Structure formats: C-alpha cells, structure tokens
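S.K.: In the order they appear, the protein sequences are chains A and B.
Using my numbering, the letters of the first sequence map in sequence onto residues 1 to 138.
Using my numbering, the letters of the second sequence map in sequence onto residues 1 to 138.
Some hints here could point you the wrong way.
[Said to hold, decoys possible] Sample of chain A residues at the chain B side, in silico, Cβ under 8 Å:
1) Gln59
2) Thr60
3) Met62
4) Asp66
5) Met81
6) Val83
7) Gly103
Simulated from the structure, these hints should not be mistaken for lab results.
Remember, predicted model here, so these are calculated numbers, not experimental data.
Ideal placement from N, C-alpha and C gives every residue a C-beta, glycine not left out.
There are 2 protein chains.
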Amino acid sequence: MTTETFILDPTLAKDTVEITKLDICLVLLIRDRTYPWLILVPAVHGLRDLDDLNPEQLQTVMAEVDHISKVMKAQFQPYKMNVAALGNVVEQLHIHVIARFQGDPAWPAPVWGAHPPQDYSDADRDHLVDQIRTALCR
Amino acid sequence: MTTETFILDPTLAKDTVEITKLDICLVLLIRDRTYPWLILVPAVHGLRDLDDLNPEQLQTVMAEVDHISKVMKAQFQPYKMNVAALGNVVEQLHIHVIARFQGDPAWPAPVWGAHPPQDYSDADRDHLVDQIRTALCR
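Here chain A stands alone, though its shape is the one from the complex:
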C-alpha cells in the first residue's frame, strides 16, 4: 500500500492552500475566512481512517496535530479547539484542526455544512499562511 505515490485528493487541493510539510503531514489552510481552519493530511498513499495508520505513524501524526493545535491557540486565542477525522465526503484521511470562538457563526455547532465557505483575499491569505508557517517553524 505504502509503495504507491501519495497524491493529495483533488477536492482537498482545490479547497486549501499549502502552508508547509511536517515529517508526515501536509499542513493546509482551508480557503474559508469564517474560522482559522487547518487540515493535516498524512502524506501516505491509501489511508482512509485514523486507525489505518500504524502505531508509529499514529504517534507522529498526533504529535503534529498537537503542535498545530498549540500554535493555533497561541496565534488566535480561541475559546476551544475542534479536532476531527471524518472523511465521509472526501475519503482520503485528513484531520481538521479548527480554532473556535463563542462568537463564531456556527457556534456551538460543528463547522461542517454550517455556512458556505468565504475565501480570503489573496493578500490576507498570503499573510496568514506566512504567519502560521513562521509560528510552526519557531
């Protein structure tokens, strides 16, 4: 399974901008300025569920989720973090890491399907990607 080349799902590619690549995960920003919303995609061919990762991969992926979550807390001062691997629509394993605020448009419901995504302006997106990339590598 892992001998085949990893290719990012085309829907994820369309809906996101790449921030960086960690040891195992691509870190992507969702094109939706409604919430600070990142997605981690383990760059391993053929994964669907979190339990498809072997124990070593799972440990690395979760350490990366933990790192991203802490960076987002420091950057955005959210009220709560939401972490989820759902994948009912896009089946390639991807992990949502979302900073939530008591005043955000979906609060307290989950974000999926709550509001149509609103893309950032190019300048805002570039700025945010730089900001998160810098914070991740600090």
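Got chain A; can you put chain B on it based on the hints?
M.R.: Frame of chain A; chain B shown alone:
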C-alpha cells in the same frame, strides 16, 4: 491540576452508559441507536482540549481510540469511522468514535445535531454493552 479527582461531566453521564475503563479512558456508549457511537473520556481532571494531554497521555489515549475504532470496525463493518474531539457544548475532553454507514440517517453529514437521539431498549443496550465489552477485552 491532576491532583484533583476526575468527575465525569453530568451531561455525558446522563447521555451514556459505561462500557468499561481502559488504562486512561472511560469508554461510554451514547444512548442513541441511530449509530454505533462511543465516547472516550480520559479520566484526568481539568482537560478541555486534546492538546491539554501531555505527550505520554496523548499516546495512551490515541492507542485506546485506535483500539476502540478497530473493534467497532470488526463488530459493525461500517463504511467509515468518524473520530472527533469537539467539546463546544460539553467542555470536558471527550472523543467521539462513531461507526458510519452510507445508509445512516445523517450520511454523509456529521452526526451532531442531525437527528434527535433515540435510546436503545434496555435489553438491546445491555446486549450491545456486553458485546462491545467482550470484544474490547479479547
């Protein structure tokens, strides 16, 4: 923080039945026969987000999530597993592990808020709790 006694959130207590306790997590069955839906609650006082766990706790919790997920796959043959730590309503850290089917009432949307929960009959719930408990300890 960890010197205080862990007490299960009263809403989680009301909405679930305890299946077992693993090394760190309580394993609870949600009282909703719409989906096979378990919740893992790390029995440590004061946790809100997944990144509040220290690295050792995170590794143990995720190994338990992995175990539960594999057992649910074997028991229920779902199309997809959903794993999520949200906690916007109940803030005590808890991790949903849900077996999803292409024909289930919320598919492909997330389960939260999709349908009012429908409790099992006492007999069905007891049977299911026994079934999962046995499979977990095998």
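S.K.: If a hint holds in the structure, say so; if it doesn't, say that too.
M.R.: Cross-check of the supplied hints:
no. : hint   : result
1   : Gln59  : 6 Å, holds
2   : Thr60  : 11 Å, violated
3   : Met62  : 5 Å, holds
4   : Asp66  : 5 Å, holds
5   : Met81  : 5 Å, holds
6   : Val83  : 5 Å, holds
7   : Gly103 : 12 Å, violated
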